[in-house]
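Student: One-letter residues, chain by chain:
There are 2 protein chains.
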Amino acid sequence: VNEESRLIARIARAIPSRPGGPRGGGLLVGVGDDAAVFRPRPGRDLVLSSDSFLEGVHFLADVHPPESAGYKSLVRAASDLAAMGAEPRFFLLNLALPARRTGKWLDAFLVGMARAARRCRLVLAGGDTSRHPTVAVSITVLGEMKASLVLTRSAARPGDRIYLSGVPGRAQLGLELIRRGLHRKSEWKPLVRPHLFPEPRLALGAWLARHRLASSMIDTSDGLSTDLSHLCESSRVGAVLWRDKIPRPQVPTELRRRGPNPELNPEFLALHGGEDYELLFTVPRPRAGKIPPQFQGVPLTAIGEITRRRRLRILDLSGRVTLLQPRGWDHFEK
Amino acid sequence: VNEESRLIARIARAIPSRPGGPRGGGLLVGVGDDAAVFRPRPGRDLVLSSDSFLEGVHFLADVHPPESAGYKSLVRAASDLAAMGAEPRFFLLNLALPARRTGKWLDAFLVGMARAARRCRLVLAGGDTSRHPTVAVSITVLGEMKASLVLTRSAARPGDRIYLSGVPGRAQLGLELIRRGLHRKSEWKPLVRPHLFPEPRLALGAWLARHRLASSMIDTSDGLSTDLSHLCESSRVGAVLWRDKIPRPQVPTELRRRGPNPELNPEFLALHGGEDYELLFTVPRPRAGKIPPQFQGVPLTAIGEITRRRRLRILDLSGRVTLLQPRGWDHFEK
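Protein sequences, first through last, are from chains A and B. 213 is the number of the first residue of the first sequence in my numbering; add one for each residue after it. 213 is the number of the first residue of the second sequence in my numbering; add one for each residue after it.
The shape of chain A in the complex, shown without the other chains (with noise of 0.2 Å):
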C-alpha cells in the first residue's frame, strides 16, 4: 500500500463515505477504483458543479482554522446544488497539500468536511490526493432532482418579485473582524461564525423547486450586488431593489465607533459582501403570496422586482433611484 492509498483511506475513514455496493444508495463503486459509479434514479435530473477552494485566493491557511476550510470548501459546492433546488447526493474531493498540512491540519480539515458532508448529506465516491506547496482543493458535488423542475439563472421575467434568503453581510463582516485581528475576542466570535460556517440553504432550494415556486435562483456566494447582476445579465432583465427592504447586518457599536469605514457600513456589506451562501431567487407575482415569511427559522424577504429596462437600480423610501453597482467578489479580479 503506498502513500497515496494510505491516506485515501484516512479521508475516507474520517468523512462519511462508501466504498459501493448494494446498499449504496445508487452507488454502484466508490472511493478506491478509477471511477465512482452509480445508478440514477429514473425520473430525476443530475446536477453537478465543480468548486475550487485555493489557499491564499479562498482562504489563508495560517488564519482560517481549518475546520472552517475543510468545512466550506465542501459547503461552497453544495451550495451549487442548493441555488438549482437539488438534492445532493456525491461528492469528489481533490486535495493537494504539503507535507506539513498532512498532519493534525489534515485532521481537523476532515473534522470540519465531516461536519459538512453530514449537514448536506452528501457521501463522498472517490477524488485524488496531491503533494503541493500549498492547499488546492477541489470539489465536485453531484445532487438529484425530478425531472423539470430545475431553477436556472436564467428565467426571470419582468414583473417577477426577487427574494432573499437570511441576512446578506453576515459572512462578509465577520471577515472583516478577521482583518482587524477581533476574531478571538469571545463576545464577537458569534460574528465571525457565518464566514468560518456558513450554512448552505439545501432544504430551502430543494422546496422551492418542488413546489414550482421559483421561475430562477442563484446563491450569493460573490455578494449580492454582484450575484443579482448575474442572474439578470442570464435572464436579460435588470431589477430594482427597495432600498429599505434589504435586510442588514448587526454591526456592534464598539466596532463602527472605531471610526467610519465604508466597508463596516451595514448596507454595504448587505449589498457587496461575499461567501453568505444564501438564496436569491425570483417568483412570478401570482406565487408570491405563497413564500412564507420564513422557511425553517430563516427570513425570506422580498427585496424587490425584476424588470425590463436592463439595469439594477436601487429605490429608496424617498422615490429617489439609483444605480447599483456589483461590487462583490471576482474570482479573477485580484
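Hints may be right or wrong, so weigh each one.
To be verified - When the alpha-carbon atoms are kept at most 25 Å apart in a straight line, the in silico SDA-like pairs for lysine to any residue are as follows:
1) B/K358 - A/P254
2) B/K358 - A/R253
3) B/K358 - A/R539
4) B/K358 - A/F507
5) B/K358 - A/G238
6) A/K358 - B/P254
7) A/K358 - B/K502
8) A/K358 - B/V463
No lab work stands behind these hints: they were computed from the structure. Quick caveat: nothing in here was measured; it's all calculated off a predicted structure.
With chain A fixed as given, assemble chain B onto it according to the hints.
Tutor: Using the frame of chain A, we list chain B on its own:
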C-alpha cells in the same frame, strides 16, 4: 460582465461546449449557471471521476508545452472512464492560473484541451476559474454505460489472464529525454510524443465492457507495476508476469551508448514508467480466445496470470521466479 465571466466565455469558445438546451444530448443546463444539469438515458450507469493536474507536480510550466498541459489534464481524467469501460459525455474544468499565463499560454493550453475533448468526445459543461500563483487544474469527467457492465479493479480472479494494451514505458522514455534536454532533437521528437500527447484507450475500454470480455480493468497512469499492485490489492489476489511477453519501448542505441542507466533500461521503463494511460485488464481463461492480437491498431498482449497467492512475481523463460516491487508513480511520495 466581470473578469471571471469573460474568461469563462473565452474557455467555452475554445473548447467544445454547450450551453445546454433541447439539442444538448441530455445536457439541459451547461456552462454559465450555478451547476450543469443533464438527464441520463434510462438503463445507464453513470461514471464519475476527478483528477488534479498541478504545475510543479504533474507538469512543469516552463518545460512542457501548454498544449500538452491542456491535452494531458483532460486525457488523464478521461482515461479513468476508459478504465471502467464507460463512454465519455461531459466534463467540468476548475482552472486556477496566474496573470502571466492568461494570454498566449492559456490560448495554447485551450488548443490542447480542445484537441483532447474532440478525441475523447467530451463536452465542457461547467467549472470555475481563479487567480492563483501557479497553474492548478482539476477536471471532473462524466461517462455513461449500459447498466451492470462496469469494469472495476476488484473482480480479478485466480487463473484470469492479464492483458495490456500498447507498449508500456513510452511516456516515461519521453520524460527521460526531456529531463536530459534531448526533446528538441528532431529525430527524437516522436519518442517524446507519448509523454506529451498520450492516447487514451476509450474505444478499447468500452468494447471490452460491452462484450463482457474482461473481469477487471485499470489504466496504467502510475506505471504497470504500481497499477497491477492496485488491481491485485483491490481484487485480493496476486499475479505472475511472463517476463519475455512484456512489450518494451525501443530505446535508441545512441541514447543507450551514453552509459548504463537503469532508468533507460527498456524493461525497467516498461515495468515502472508512468503516464502511459494504457489499459491493464484481466480476462477469464474461457474468454481469452476472444481477445484479438490488436484492437484498432493497438497491440493487446497477454503478459501474465492472476494467482491466488497475493504476491506480484515475474517468471523468466528459464523458469526463475522473482518478486516484483511496485516502483511506479506515487502521487504523494515525492
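Student: Out of the numbered hints, which ones does the structure contradict?
Tutor: Of the numbered hints given earlier, those the structure breaks are 3, 4, 7, 8, listed in rising order.
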